[in-house]
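Sequence order for the protein chains is A and B.
Numbering follows our numbering, in which position 418 of the first sequence is assigned residue number 418; successive positions increment by one, without gaps.
Numbering follows our numbering, in which position 183 of the second sequence is assigned residue number 183; successive positions increment by one, without gaps.
Calculated from the structure, these hints are not laboratory results.
Don't take each hint at face value.
Calculated lysine to aspartate or glutamate pairs in the DMTMM-like style (CA-CA distance at most 20 Å, straight line) [unchecked claim]:
| # | chain 1 | residue 1 | chain 2 | residue 2 |
| --- | --- | --- | --- | --- |
| 1 | B | 393 | B | 476 |
| 2 | A | 403 | B | 60 |
| 3 | B | 49 | B | 60 |
| 4 | B | 283 | B | 220 |
| 5 | A | 403 | B | 63 |
| 6 | A | 418 | A | 335 |
| 7 | A | 297 | A | 335 |
| 8 | A | 403 | A | 487 |
| 9 | B | 74 | B | 29 |
| 10 | A | 196 | A | 321 |
| 11 | B | 280 | B | 243 |
| 12 | A | 196 | B | 81 |
| 13 | B | 308 | B | 381 |
| 14 | A | 297 | A | 321 |
| 15 | A | 196 | B | 476 |
| 16 | B | 414 | B | 373 |
| 17 | B | 57 | A | 391 |
| 18 | A | 196 | B | 29 |
| 19 | A | 410 | A | 422 |
| 20 | A | 157 | B | 60 |
| 21 | B | 283 | B | 248 |
These numbers come from a predicted model, not from an experiment.
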Amino acid sequence: MTMHPTTPSAMKIERALIRLDRSGGATRQRQLTDQLRRAIIDGAIEPGARLPSVREISAGLDVSRSTVVRCFEELASQGYIVTSIGSGTSVCNKLPGEISAHEVAPHTISYERAMTSRVSLSRYASRILNVADVGSPKTTKSLNPGGPPSDAAPIRKWRELLERHCRHNLDQAECGIDPFGLPPLREAYAAYLMRKRALQCTSRQVVVFSARELRLDLISRILLQDGDAVAVENPGYPGVRQRLIANGARVVPVPVDHQGLNVDYLDSIQERLRFVYVTPSHHEPTGAVMPLSRRRKLIEWARKNSAFIVEDDYDSEFRYDGRPIPSLQGLDDTDSVIHLSCLWKILSPVSKIGFLTIPNCLIDVFQAAKSMIERDLPLIDQFVLADFINEGHLERQIAVNRKIYAARRKLLVDALRKHVGDLSMASESAGMDLFVKFHTNVDESVLVAMADEAGFRLIPVKPYYIAGGERNEFVIPFSHLDEKSIESLIRKFSSLINGL
Amino acid sequence: MSLAINLEYQPYVPLFRRLSDALRRAILEGRLRNGDALPSTRELSTTMKISRATVLKAFDDLETQGLVRSRPGKGLFVSYEPSVEITFEERLPVQKTVQFSAYAQRVIALRDYKSIVHLPATNFGGPPADLSPLHEWRQLLFRYCRRSFLSESSELSQISDEMEPFGFEPLRQALAAYLHRARAVRSTADQIAVFSTKQARLELIARILLDEGDLVAFEEPGYPEARHLFSSHGARVLNVPVEADGIDVDWLMEKQLPIKFVYVTPSHQDPTGITMSMEKRLKLLDWARSNGAYIIEDDYDCEYNYGKQSMPSLMGLDRHDSVIYLASLWKVLYQVNRFGIVVLPQSLTPAAVQAKLHMERHLPLLEQLVLTDFINEGLLERHIRRTQQRLAKRRQIIIHALSKHMQTFLTVPKEAAGMHLIVKFFEGVSETDIESSAHECGVTLTGTSAYYALENRCHREYMLPFAGIDEAATEEAISNWAVRLKGLQR
Numbered sequence: 001m002t003m004h005p006t007t008p009s010a011m012k013i014e015r016a017l018i019r020l021d022r023s024g025g026a027t028r029q030r031q032l033t034d035q036l037r038r039a040i041i042d043g044a045i046e047p048g049a050r051l052p053s054v055r056e057i058s059a060g061l062d063v064s065r066s067t068v069v070r071c072f073e074e075l076a077s078q079g080y081i082v083t084s085i086g087s088g089t090s091v092c093n094k095l096p097g098e099i100s101a102h103e104v105a106p107h108t109i110s111y112e113r114a115m116t117s118r119v120s121l122s123r124y125a126s127r128i129l130n131v132a133d134v135g136s137p138k139t140t141k142s143l144n145p146g147g148p149p150s151d152a153a154p155i156r157k158w159r160e161l162l163e164r165h166c167r168h169n170l171d172q173a174e175c176g177i178d179p180f181g182l183p184p185l186r187e188a189y190a191a192y193l194m195r196k197r198a199l200q201c202t203s204r205q206v207v208v209f210s211a212r213e214l215r216l217d218l219i220s221r222i223l224l225q226d227g228d229a230v231a232v233e234n235p236g237y238p239g240v241r242q243r244l245i246a247n248g249a250r251v252v253p254v255p256v257d258h259q260g261l262n263v264d265y266l267d268s269i270q271e272r273l274r275f276v277y278v279t280p281s282h283h284e285p286t287g288a289v290m291p292l293s294r295r296r297k298l299i300e301w302a303r304k305n306s307a308f309i310v311e312d313d314y315d316s317e318f319r320y321d322g323r324p325i326p327s328l329q330g331l332d333d334t335d336s337v338i339h340l341s342c343l344w345k346i347l348s349p350v351s352k353i354g355f356l357t358i359p360n361c362l363i364d365v366f367q368a369a370k371s372m373i374e375r376d377l378p379l380i381d382q383f384v385l386a387d388f389i390n391e392g393h394l395e396r397q398i399a400v401n402r403k404i405y406a407a408r409r410k411l412l413v414d415a416l417r418k419h420v421g422d423l424s425m426a427s428e429s430a431g432m433d434l435f436v437k438f439h440t441n442v443d444e445s446v447l448v449a450m451a452d453e454a455g456f457r458l459i460p461v462k463p464y465y466i467a468g469g470e471r472n473e474f475v476i477p478f479s480h481l482d483e484k485s486i487e488s489l490i491r492k493f494s495s496l497i498n499g500l
Numbered sequence: 001m002s003l004a005i006n007l008e009y010q011p012y013v014p015l016f017r018r019l020s021d022a023l024r025r026a027i028l029e030g031r032l033r034n035g036d037a038l039p040s041t042r043e044l045s046t047t048m049k050i051s052r053a054t055v056l057k058a059f060d061d062l063e064t065q066g067l068v069r070s071r072p073g074k075g076l077f078v079s080y081e082p083s084v085e086i087t088f089e090e091r092l093p094v095q096k097t098v099q100f101s102a103y104a105q106r107v108i109a110l111r112d113y114k115s116i117v118h119l120p121a122t123n124f125g126g127p128p129a130d131l132s133p134l135h136e137w138r139q140l141l142f143r144y145c146r147r148s149f150l151s152e153s154s155e156l157s158q159i160s161d162e163m164e165p166f167g168f169e170p171l172r173q174a175l176a177a178y179l180h181r182a183r184a185v186r187s188t189a190d191q192i193a194v195f196s197t198k199q200a201r202l203e204l205i206a207r208i209l210l211d212e213g214d215l216v217a218f219e220e221p222g223y224p225e226a227r228h229l230f231s232s233h234g235a236r237v238l239n240v241p242v243e244a245d246g247i248d249v250d251w252l253m254e255k256q257l258p259i260k261f262v263y264v265t266p267s268h269q270d271p272t273g274i275t276m277s278m279e280k281r282l283k284l285l286d287w288a289r290s291n292g293a294y295i296i297e298d299d300y301d302c303e304y305n306y307g308k309q310s311m312p313s314l315m316g317l318d319r320h321d322s323v324i325y326l327a328s329l330w331k332v333l334y335q336v337n338r339f340g341i342v343v344l345p346q347s348l349t350p351a352a353v354q355a356k357l358h359m360e361r362h363l364p365l366l367e368q369l370v371l372t373d374f375i376n377e378g379l380l381e382r383h384i385r386r387t388q389q390r391l392a393k394r395r396q397i398i399i400h401a402l403s404k405h406m407q408t409f410l411t412v413p414k415e416a417a418g419m420h421l422i423v424k425f426f427e428g429v430s431e432t433d434i435e436s437s438a439h440e441c442g443v444t445l446t447g448t449s450a451y452y453a454l455e456n457r458c459h460r461e462y463m464l465p466f467a468g469i470d471e472a473a474t475e476e477a478i479s480n481w482a483v484r485l486k487g488l489q490r
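Only chain A is shown next, with the shape it has when bound in the complex (with noise of 0.2 Å):
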């Protein structure tokens, strides 16, 4: 028999775990929201213990029933408490997106490898050979990977864009020629970043690329020289470890939790970092967001080492609960933070422009280096993008894609949680997949064609380790699922397994 965890009394609750600031600074429901986390991410609510009713909290703390009700939702639809009819509600036993930190050597790749061409490539190109080998990226059989499922695709507003634009002579003359993009597309962008994703800037520090990859690879050209250290998230997405590897960089590892990096960590390390790669809106796999007093102390670590912050927020327009937390290019304000963007999640394939937001200190090598390597961008798609962002169909679009993934996620938890039940995901509501572990000593290849016999993608997270990696650690792709199927797909493929 295991020992009953005690339940914290109301009194507890009250008096030792949640201090309500009544100052009018953040609602009551975010500060018991976040507080009641805390409380049990920290331990100090043991995991399966009950919770007082929410009469009792909300007679106990002096706030609304339905304040405390709201509150016990985005806890539940977080995985962090579950409610059901009879017991009340207690924490879950194993908290979402819980994985261990890896304690790894920094990765090391051999720059020899014979080369068989009768020519003697640079030192860049023996490099991007040998490092197709650091984990690989998700293998996709698709031009359009990880964009938006066809009902989800802006692309009848896009034509009706593509007819205004195609109707008179294009000419850019009057617009100058700027290696950094179109100025009234980069305007319009910058207005948005600063109303969705509130960041500070001016359209001098956005600069538009015709695709993602050169953002980051244009950063460490410009930063790094052959040695030099950075620091990424471990886990954390294959390509961009790929990437700076090519450009010379040595990478250090940084352990992810659930509050994505580890500043702490990152803090503990003695050498020089050039700068640090973070996903803080969604980390990829885990699913993880920083918080923002996470956030204030990355940005004081960069400050201190004087670093730049290389701040991916890929995704950060999919936040399903709770609200959005300010980019930390909007915290920032000592000039380092360097912000990517891109609207992939929206407007692929119509559109695979990637976003760079610099700091002001860079603007110049920047300006560059930029109309060296690609200064004549499509003309057509930048002018659509412009109207397309200034009459509000983005903001449009992405209300509309938000509602769909929502219901899909939570199709995909509920059935998850019935039918295979023995699993953790991912604690936030983010993004365009799921988090997933499963506790069972069923093999991963065998899971993943399990599903693809059922009828979905479970991606393995493994590629994402610098080293080792938990076994059993999927994502699984939810956007391009279909509502009426998700409860039977998860059905057949729980079925398979317990067929075993």
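With chain A held as given, fit chain B onto it using these hints.
Same frame as chain A, but now just chain B:
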């Protein structure tokens, strides 16, 4: 409550959307603040004289965008608050000392060094807007801008292979066929890489071939953007003189230097317009083979030759896998498509695929679909034929006007392919006089000094773009120019 709303007329935009856009602007500009009530449906419909159904639709639209929220029985309220205070003023630049890489330092040093040659006035070397195939392009855009082609599940977007970073395979096949027809380039689709800009082509080649200190041979005079790009990678650029029939190959043979590659523009030397002779082509190929060097053949302005037979490309003559061929449809399609195209020797494709993966892995699908059909349906060649007639006329007008009025000042070129003439002024007029008088008379010209790396070379040499000239007004402009120059000479 009163609220200034301007329902500006916009073609194709329904009324409800114009209303919701106006309200949205009011919210984003802070005229309506978080928690403010919106005017009621009735109020808006009477004051704006529009139906209540329209107002309701506009409100729905705002709700979808998450800008307003309804409270049952109380109406609609603004629910939008910027999460951080937005300041539209620029923040004070922080004095941050940045330690730049060697690459960054080189790039900064090269920055202002006579590099921009494609000025807006000369339309960046592209065709004028009135000769752009906008109509045909638009029809193809509409053919493919449909869910059935662009969605994730569409058959088209499923096509993918290990050459994926090089671009959409049917497009690469179409390009291979076109380059074979037009330029005698023999290649398979696997050797063709498509880039979204023309600059990215040389960047990729430089990355996979050059280390700091490597030697590169370059035409003198030659295209400055390419020279700077090689310098940005730390290459030592050797300036090889251009003779009457192309780059001095004997110079290359005598020097016996470990040159990585030579960059040439054989079909229409940039800027002199010289065509490389067949003899020289074969000699250059022979040099490359025996020295294990590559030839970068930039075939940048080969589409318009006004009846003169064009020479086969080096790529088509090569038998030893040593030519890297650069093409673009820049001179034909500038306004609608700016893709850069490289045909690679087989020995370079593995490294190039990997390098492309890290520069630009995906190109816009729509644009690739459209260009594929534009080529396969013969529209490209038809468009070149049509515009060639137009351009030939303009070329004749300018040559005629120059020979009539300007013979005393400059040599009028006898033949010229492409979209500009090269003229060389005689001594006796200063460059400032030439430039200011041309400007006053509305004649567009660009000096070639940026093309020369060695200072003591050519002076008073100019490019005269004729593709975009006003056919009716050109002769008058040139004769005015001649009169003015005469006045300055005295």
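Hint-by-hint comparison with the structure:
1. B/393 with B/476: holds (16 Å)
2. A/403 with B/60: holds (15 Å)
3. B/49 with B/60: With Cα atoms ~19 Å apart, residue 49 of chain B and residue 60 of chain B stay inside 20 Å; holds.
4. B/283 with B/220: Measuring from Cα to Cα gives roughly 19 Å; hence the hint holds.
5. A/403 with B/63: At roughly 12 Å apart (the allowed maximum being 20 Å), residue 63 of chain B and residue 403 of chain A satisfy the hint.
6. A/418 with A/335: Roughly 48 Å between the alpha carbons, so the hint for residue 418 of chain A and residue 335 of chain A is violated.
7. A/297 with A/335: holds (16 Å)
8. A/403 with A/487: Holds, because 18 Å separates the two Cα atoms, which is no more than 20 Å.
9. B/74 with B/29: Since the Cα atoms of residue 74 of chain B and residue 29 of chain B sit roughly 24 Å apart, the hinted pair is violated (cutoff 20 Å).
10. A/196 with A/321: Given that 20 Å is the threshold and the Cα spacing comes to 15 Å, the pair holds.
11. B/280 with B/243: holds (10 Å)
12. A/196 with B/81: holds (10 Å)
13. B/308 with B/381: holds (17 Å)
14. A/297 with A/321: Not satisfied, since the Cα-Cα distance of roughly 24 Å exceeds 20 Å.
15. A/196 with B/476: violated (56 Å)
16. B/414 with B/373: Judged against 20 Å, a Cα distance of about 37 Å means the pair is violated.
17. B/57 with A/391: Measuring from Cα to Cα gives roughly 17 Å; hence the hint holds.
18. A/196 with B/29: At roughly 14 Å apart (the allowed maximum being 20 Å), residue 29 of chain B and residue 196 of chain A satisfy the hint.
19. A/410 with A/422: holds (17 Å)
20. A/157 with B/60: holds (18 Å)
21. B/283 with B/248: Holds, because 10 Å separates the two Cα atoms, which is no more than 20 Å.
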